[in-house]
Amino acid sequence: MCESQGRFLKQIRFGDSSYSERRCVADIISTVEFNHSGELLATGDKGGRVVIFQQEPENKSQPQCRGEYNVYSTFQSHEPEFDYLKSLEIEEKINKIRWLPQKNAAQFLLSTNDKTIKLWKISERDKRPEGYNLKEEDGRYRDPTTVTTLRVPVFRPMDLMVEASPRRVFANAHTYHINSISVNSDYETYLSADDLRVNLWHLEITDRSFSIRARPGAVQLRGFKPGALKPSCDLQRLPRKDIVDIKPANMEELTEVITAAEFHPNQCNTFVYSSSKGTIRLCDMRASALCDKHSKLFEEPEDPSNRSFFSEIISSISDVKFSHNGRYMMTRDYLSVKIWDLNMESRPVETYQLCSLYENDCIFDKFECCWNGNDSVVMTGSYNNFFRMFDRGQKKDVTLEASRESSKPRAVLKPRKVCGGGKRKKDEISVDSLDFNKKILHTAWHPQENIIAVATTNNLYIFQDKLNGPPVRGGGGLIKTNPGERGDTTECPLSVLSV
Amino acid sequence: MTQEKMELDLSIPVSMSDGNLRRSSSAPMINGLSDNTPVFEGETLRSRRNSTTVVTRHSLIPPSSPIRVPSSRLHQIKQEEGVDVMNRETAREREVQAAMQMSQSWEESLSLSDNDLDKSVSPKRIDFVPVSPAPSPTRGIGKQCFSPSLQIFVSSNGLPPSPVPSPTRRFATRRSQSPINCIRPSALGPLKRKGEMETESQPKRLFQGTSTMLTPDMSHLPDLGSCLSSRLLDGSLRRLGSSSDSPASSSSSSSSSSSSSSQCPCSSFSPVHNLSPK
Chain A
1 MCESQGRFLK QIRFGDSSYS ERRCVADIIS TVEFNHSGEL LATGDKGGRV
51 VIFQQEPENK SQPQCRGEYN VYSTFQSHEP EFDYLKSLEI EEKINKIRWL
101 PQKNAAQFLL STNDKTIKLW KISERDKRPE GYNLKEEDGR YRDPTTVTTL
151 RVPVFRPMDL MVEASPRRVF ANAHTYHINS ISVNSDYETY LSADDLRVNL
201 WHLEITDRSF SIRARPGAVQ LRGFKPGALK PSCDLQRLPR KDIVDIKPAN
251 MEELTEVITA AEFHPNQCNT FVYSSSKGTI RLCDMRASAL CDKHSKLFEE
301 PEDPSNRSFF SEIISSISDV KFSHNGRYMM TRDYLSVKIW DLNMESRPVE
351 TYQLCSLYEN DCIFDKFECC WNGNDSVVMT GSYNNFFRMF DRGQKKDVTL
401 EASRESSKPR AVLKPRKVCG GGKRKKDEIS VDSLDFNKKI LHTAWHPQEN
451 IIAVATTNNL YIFQDKLNGP PVRGGGGLIK TNPGERGDTT ECPLSVLSV
Chain B
1 MTQEKMELDL SIPVSMSDGN LRRSSSAPMI NGLSDNTPVF EGETLRSRRN
51 STTVVTRHSL IPPSSPIRVP SSRLHQIKQE EGVDVMNRET AREREVQAAM
101 QMSQSWEESL SLSDNDLDKS VSPKRIDFVP VSPAPSPTRG IGKQCFSPSL
151 QIFVSSNGLP PSPVPSPTRR FATRRSQSPI NCIRPSALGP LKRKGEMETE
201 SQPKRLFQGT STMLTPDMSH LPDLGSCLSS RLLDGSLRRL GSSSDSPASS
251 SSSSSSSSSS SSQCPCSSFS PVHNLSPK
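Heads up: the protein sequence lines correspond to chains A and B, in order.
Using my numbering, the first residue of the first sequence is number 1, and each one after it goes up by one.
Using my numbering, the first residue of the second sequence is number 1, and each one after it goes up by one.
Just so you know, these hints were derived from the structure itself, not from any lab.
Wrong hints could be hidden among the right ones.
[To be verified] Think about it this way: if two alpha-carbon atoms lie no more than 20 Å apart in a straight line, the pair counts; the simulated EDC-like pairs of lysine to aspartate or glutamate are:
{"#": "1", "chain 1": "A", "residue 1": "K425", "chain 2": "A", "residue 2": "D391"}
{"#": "2", "chain 1": "B", "residue 1": "K143", "chain 2": "A", "residue 2": "D435"}
{"#": "3", "chain 1": "A", "residue 1": "K247", "chain 2": "B", "residue 2": "E95"}
{"#": "4", "chain 1": "B", "residue 1": "K143", "chain 2": "A", "residue 2": "D138"}
{"#": "5", "chain 1": "B", "residue 1": "K143", "chain 2": "A", "residue 2": "E256"}
{"#": "6", "chain 1": "B", "residue 1": "K143", "chain 2": "A", "residue 2": "E124"}
{"#": "7", "chain 1": "A", "residue 1": "K296", "chain 2": "A", "residue 2": "D341"}
{"#": "8", "chain 1": "A", "residue 1": "K293", "chain 2": "A", "residue 2": "E350"}
{"#": "9", "chain 1": "B", "residue 1": "K143", "chain 2": "A", "residue 2": "D159"}
{"#": "10", "chain 1": "A", "residue 1": "K86", "chain 2": "B", "residue 2": "E80"}
{"#": "11", "chain 1": "A", "residue 1": "K247", "chain 2": "B", "residue 2": "E80"}
{"#": "12", "chain 1": "A", "residue 1": "K366", "chain 2": "A", "residue 2": "D435"}
{"#": "13", "chain 1": "B", "residue 1": "K143", "chain 2": "A", "residue 2": "D126"}
{"#": "14", "chain 1": "A", "residue 1": "K86", "chain 2": "B", "residue 2": "E107"}
{"#": "15", "chain 1": "A", "residue 1": "K127", "chain 2": "A", "residue 2": "D143"}
{"#": "16", "chain 1": "A", "residue 1": "K86", "chain 2": "B", "residue 2": "E95"}
{"#": "17", "chain 1": "A", "residue 1": "K135", "chain 2": "A", "residue 2": "E124"}
{"#": "18", "chain 1": "B", "residue 1": "K143", "chain 2": "A", "residue 2": "D292"}
{"#": "19", "chain 1": "A", "residue 1": "K425", "chain 2": "B", "residue 2": "E81"}
{"#": "20", "chain 1": "A", "residue 1": "K86", "chain 2": "B", "residue 2": "E108"}
Same shape as in the complex, but just chain B (with noise of 0.2 Å):
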């Protein structure tokens, strides 16, 4: 009995390296040791996996002030991996759907204007462009000239830059331009995929009657761009599909559906502003 006690004694910190360690209070705030539940639930799609050794873990907090819990590199390595490809999938869908569901909640207690649009700022924005204050230079970054005299940036000729601004931003905000913004519920009828998750079950509950679904919540989604998996995009064009209350898609829904395919998805659309809510 002695002995079993002082082999437990021993091994608490060996056995930490296996992330089995129960957390206690005394233990410092290593992420995950305690429980296998995924890391970033209730985060959105701030997936952003820093090098150093500080995981983000709250969402809802602008990411100006995340709660940051440090762990080691070895116990990060060691979550990434463990968990298979599959089961990976299933936690980000899992993820996903969350924090859509929590900004739904959130954008419905909070709103008090109609036009959600109003709401231009959404604190989950990741945004890409460097904070600084130099010029960001173009994509794909080349020659920067430099003028150690005057300390500002110049083009290649040697004469100071000419006040077009930068093409970067042009490209920038085009990115937010994504199709999922104009994608409404009502002309896309249920769509099913092969092989996809327990998530078909996900209740109507969640969207019904939610014409304002695409509020600015869903404008984060296009800042990633192209970068979206096509699954994420269908599933959500899956869940759009079965809310079947919303107004201008209880008659052409089942019509639709078949022929949808066949024009661009954007032109079938009005914009989410145009329609009134219920």
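Just chain A, same shape as in the assembly (with noise of 0.2 Å):
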């Protein structure tokens, strides 16, 4: 038995310290995504752009050290556009990046700015045909004169090319802003969420949305293999187009809006909105085509002694993330982390607070959170590039940072405190001293390997922890291995883990 958080080492930080000092604004990460196994890591940022990373093939001569991410392909996903009815700019910042499954040699991604999905294919390209009678090399056309013979062109390896294509385009579907979109189980539908409203799309179609209708008679739905053509239930085409919409009749009434949404990981009937009072529904698609009236209700009753004036501010949920095993879902608020189990709608579980003390203008950043592979260790970002993560097994929770300046490359991460007013001890950090423009709100966790990607304002770190053990699938925990074998690395310091 053994944990690795906090032994971390860092093994690559991308993004120039020139453009960090120049602050570019374009290259702002504002979303950071693996895939499902793990190998590509995409990063979407201010200016439209998706950077995507590749895992480097594991070295056979250095097996502790999993393969480095270098860029593998880097592509204009959005561009910014003007909406002439209304006179606003569209922002080309993309909001979310979320993965397909891999089905052949071609990976598919979904990255939304605020009105627009579009499904990428990302293909590799490795030959290309030469030799070709009308035209040069370079494309320009030969002049028919000059061709005397006639050759068959052939296909001559080159160096490997990435290419990125549009495949589908899912516009003018909402009205406000897409926070949040989220692949389906069944690998077919997705669902794209707004302030005010849910859609849920077929990834074939792009010319409407769909409700969700389950075959009359049938008690339940069957569940049904990836990859396998036919949805589980019928797509039907309703007079409203999304299937969750709270927008009220007279907009004074709006009181709260939708913040996240999120698909259950293997029950393509269920998924979950949280909202910016802090609570969260959870909506059946059997039980109703139009998913207004939840089916849970999840909300913890507010505790009057430390209510304030920002208390409503700081009850918005940013972010909400089911467990991979789907029996519990986590949600970040600003001074929390909480863990709930689906089966329990009165209060959650488990409450990592984070910390007490808010700036005014800050508190209205979204930090997103992200549970590791085997659901046992959750992570979130926080101010002046710390990011935090909470064991549930062993109780534990760590600090870190990530900066150029407090690490060097594979050293391991030193954990760091902060300590609110009071005595401040060597090496801690006062919370007035923090640094509240340097936040990491985007972090993700590999799904099977102890790799977590952490993006600061305009910087990626990626780390991986010392261990090497063995992938973490389902409920398997880590094995540690015997000291010797990892080469110049030092001995593990178990005081690494205190708090």
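Dock the two chains into a complex; use the hints.
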């Protein structure tokens, strides 16, 4: 039994230091996501670009070191647009990226800005035809009079080229700003959520969105295997194009907005959406075609003694994520991370407090959170380029920092500690000296290994742990390897875990 | 009495969502809660609403460092939707005019040279071209090919891109050649539109004798290209027409107003820089 958080060593930092000093706005990373195998890591930025990193195959001579991530592909996903009717600019910032599971040689991902979702196909080409009769190699057409012989073009190897092409564009379906997309476990449909509505899409159909209706007479929807062509339930076109609509008839009565939404990892009829009031609603698409009425409402009663002027704002949930096993979900609000059992709506089963003080201007920051592969550890970002991990089993947590100065490559990250007022011990950071402009909003955890991606404003950090435990699947734990096998790395200091 | 007081205390967080809370010193800087004045007063056509929670407030500061006032998404939506369309259009007209008026007075007070076209960079310029090192791909985004080994974009046949400049660059510059640049107050008589708001009473004093009115402060309008609503265009044309002191217009305003509609507006105008200021 051994946990590896706290033992991360820095592997790679992406992002040019000169850029971070110049504060190029377009380079601000706005989303980070591993694909299903963890081999690829996609990032989206404020300039509408997607950069994909690929993990190098493991080095046989150094089995302890998992492959490094290098830039594999980059493309412009969204461009700024202008809404003529409302005289509003539509930002090209990528709000979310979600990968589809791989079915063939190509990879597919969904990327979205405020208004438009796009399905991108990423494919490799390592051969190209050469020897055309009518064209030169660079594409220019040859003078027909110079063609004297006929030849058959042949495919010759070339440098690997990664091609990104837009396959579907799902547009004009959202009046408000899209904050979430989530691929269903049927791998045929996905949802997109904006501030007031949730839409259900079929990946093949771009001109309309759907509601779900169970087949008449069916007691239960059939589940089906990924990759099957038939959806498990009929998609019906109903007069309304969304499956959730919380817009009131009179906008004066609007009291909350949708902040995040996600499909259940293995129940294709279930999804949740969170609100700015701190509630989470679970909806079952079998119950009715339109899911305005929730099946479950998760809400923790407010502690009246804690109420303050900011209570409502800081209770807003910025992210909701199901655990991989589908039994729990995690929510992130401004001050804490909460873990809910899907069978208990009255209160969360675990609460991890992050801090108790906050800056006025920063209380609208939206932090994300993520689970590790076996749901034993959760992670979220904070200020001063700190990020935190909570080990649910061992009831331990650690604060780490992502910065050039604090860690050299291959060095173990040193845990940080923030002290509230009072006496500050050596190496501790006082709350007053936290830099609230340096925030880690986006983090991602490899689905199987202990590799994490942490995005500061302009830079991406990838950390992996020193131990080379076997890949973690399902409920397996990590096994500590014999220290002698690790080559030049030092012995794992258990004191690193102390809080 | 005591009961009333208690209710008041408890209702403060609730009423915040109604948007009726007065701004107090301990409150976070939630935009617009204290009054209903348009948030973008004094701001030019930078009407960008970010999907995050920040709202740009001040326009005369260059866009690279706007004063950003955070506000909740709930509040933003209520503000955008709460005002009915007519009032919103009125508010927009007011914003635009106030901005033009401000930039007008700004230019007048600051300009030292006669040739205002020297000022090629306007701080209010909206730049659609992404600020990034990567070359902008063709408009109407299509296939993009990247070579991991060379770490550069390549064309779809695998070769590095030719040095021909990207066609989008050409389009981007062409968009700024909107006819509004060429429009001068001289050839257009006063135009009136049906149903025009109280802007009809726009005082002539704003544009009196301003042959240099079409300075680069107007150049940011063409950056939006075809995005300008026709009402804005007509409104500005009308205001241009109301200025009768412009040297070139005095003799021909009445006669040209009827004929201007039959010919291309651009052809009867001379570029601004040919005018000598009074």
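Straight-line alpha-carbon gap B/K143 to A/E256, limit 20 Å: Roughly 40 Å between the alpha carbons, so the hint for B/K143 and A/E256 is violated.
Below or equal to 20 Å on CA atoms is what counts here, so check A/K127 against A/D143. With Cα atoms ~26 Å apart, A/K127 and A/D143 exceed 20 Å; violated.
Regarding the pair A/K293 and A/E350, is the alpha-carbon distance no greater than 20 Å? violated, 27 Å
What's the verdict on A/K247 and B/E80, does the C-alpha distance respect the 20 Å limit or exceed it? holds, 14 Å
Is the straight-line distance between the alpha-carbon of A/K86 and that of B/E107 20 Å or less? violated, 29 Å
Satisfaction of hint between A/D435 and B/K143, Cα-Cα up to 20 Å: violated, 41 Å
Hinted pair, alpha-carbon criterion (20 Å max): A/K366, A/D435. Please report holds or violated. holds, 16 Å
Does A/D138 lie within 20 Å of B/K143 when you go C-alpha to C-alpha? holds, 18 Å
A/K247 and B/E95: Cα distance at most 20 Å? violated, 29 Å
Given hint A/E124 paired with A/K135 - CA-CA distance at most 20 Å: violated, 24 Å
Mind checking the alpha carbons of A/K86 and B/E80 for me, to see if they're no more than 20 Å apart? Holds - the C-alpha atoms of B/E80 and A/K86 are around 10 Å apart, at most 20 Å.
Against the 20 Å threshold, does the CA-CA distance of A/K86 and B/E108 hold or violate the hint? At roughly 32 Å apart (the allowed maximum being 20 Å), B/E108 and A/K86 break the hint.
The structure does not agree with the numbered hints 1, 2, 3, 5, 8, 14, 15, 17, 18, 19, 20 stated previously, though it agrees with the rest.
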